[in-house]
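Student: Sequence:
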Amino acid sequence: MRVLRPRRGGSWVLLAAGVACLLLITAPGLTRADDELREAREELRETKAAIRTRAARMRELQRELNRLATGIATTEAEIHEAALRERALSREIRGLERRLAALRERLNERARAAYVLGPGTPFLYVVTATSAADVVNRIGYLEELNRRDGLLARKVQATEERVSIARDQVLRLRAKLDYARARLQADRERLRRKLLASRALYAALRERKREVLWEISRIRPFAVCPVRGPHAISDSFGIWVHRSEERGGDHVHQGVDIAAPLGTPIVAPFDGYAVTANNRMGGLAVKVFGDFGYVYNAHLSRFGNLGWVQRGDIVGYVGATGNAGGPHDHFEWHPGGGRAVDPYPFLMQVC
1 MRVLRPRRGG SWVLLAAGVA CLLLITAPGL TRADDELREA REELRETKAA
51 IRTRAARMRE LQRELNRLAT GIATTEAEIH EAALRERALS REIRGLERRL
101 AALRERLNER ARAAYVLGPG TPFLYVVTAT SAADVVNRIG YLEELNRRDG
151 LLARKVQATE ERVSIARDQV LRLRAKLDYA RARLQADRER LRRKLLASRA
201 LYAALRERKR EVLWEISRIR PFAVCPVRGP HAISDSFGIW VHRSEERGGD
251 HVHQGVDIAA PLGTPIVAPF DGYAVTANNR MGGLAVKVFG DFGYVYNAHL
301 SRFGNLGWVQ RGDIVGYVGA TGNAGGPHDH FEWHPGGGRA VDPYPFLMQV
351 C
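Under my numbering, residues 1 to 351 are what the sequence shown spells out, in order.
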């Protein structure tokens, strides 16, 4: 009996058809992932450009604030100096007015005395002299009186002029003070508005920066590999794990296993806060909470640094505690503090 054998050409046709079907099935998923990655990167570029624009505006606004603050300080110093000068002039005016009043009183007394004696008194005073020497003395005396009266009158005039000048200076100073105070009030109001604008811009800049970090966390959440040393990462997220009841029972694997020698350091993949998270299945475990989620490391042999940590700080060491069958780090990634997502593609970026 003749045995029919399939021709090789038919086998290749079937194989090619199978590969084509597989490509048709996987291509949409790959295209969709690539599109999402491109969109995320484009958003990241736009966000960084917006931050640079806002940062430049912040620097310009800060220079304006510095100029305003300097102007306010200068105006305040001018106001203080002018106020001191005004007080000094006011004291000087009060002293001059007292002196002027005294001089005027003396001048008035001389005028009253001359009025009482009458205009002919100096003549009578001279002609009633008893001798030539007495005449000379009396004439000298009258001349001295006239000189003193003239000097007193000039002092009164000079003092009046000084008072007038001082009063004009006070008026100018007060006008300058009024202008300076008005300018100070306007500058303070401008400074208040600028500070409010600066605060709003700073808040927007911080929010935009957080958006950048969020975009980065979507594309590359881990700065460093969580296991420092030789390791092997299993792409095992979401598989059904069969375990005895004593070892936790059957469950869906919520992370990946990173096999490494016992005692290999486990480090924080980003800046955050490390806390213990021990449990029956995971044994000794630690969580590191970052700005955009947390990671969970289980089956540790011992702990490292806890509390505030930076990326690369040792938070524990590989072990086999809990339901582990051998030394490894059970690693989970919970973005936003929510459900676990597959960390394998992100680990491939840093490990």
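None of these hints come from the bench; they were simulated from the model.
Any given hint might turn out to be false.
Stated by the list, open to error - Think about it this way: if two alpha-carbon atoms lie no more than 30 angstroms apart in a straight line, the pair counts; the simulated BS3-like pairs of lysine-lysine are:
hint: 1; residue 1: LYS176; residue 2: LYS194
hint: 2; residue 1: LYS209; residue 2: LYS287
hint: 3; residue 1: LYS194; residue 2: LYS209
hint: 4; residue 1: LYS194; residue 2: LYS48
hint: 5; residue 1: LYS48; residue 2: LYS176
Student: Run every hint past the structure and note whether it holds.
Tutor: Hint by hint, here is what the structure shows:
1. LYS176 with LYS194: holds (26 angstroms)
2. LYS209 with LYS287: OK: LYS209 and LYS287 at ~25 angstroms, within 30 angstroms.
3. LYS194 with LYS209: holds (22 angstroms)
4. LYS194 with LYS48: holds (25 angstroms)
5. LYS48 with LYS176: The given pair, whose Cα atoms are some 49 angstroms apart, is violated under the 30 angstroms limit.
In summary, the one numbered hint that this structure violates is 5.
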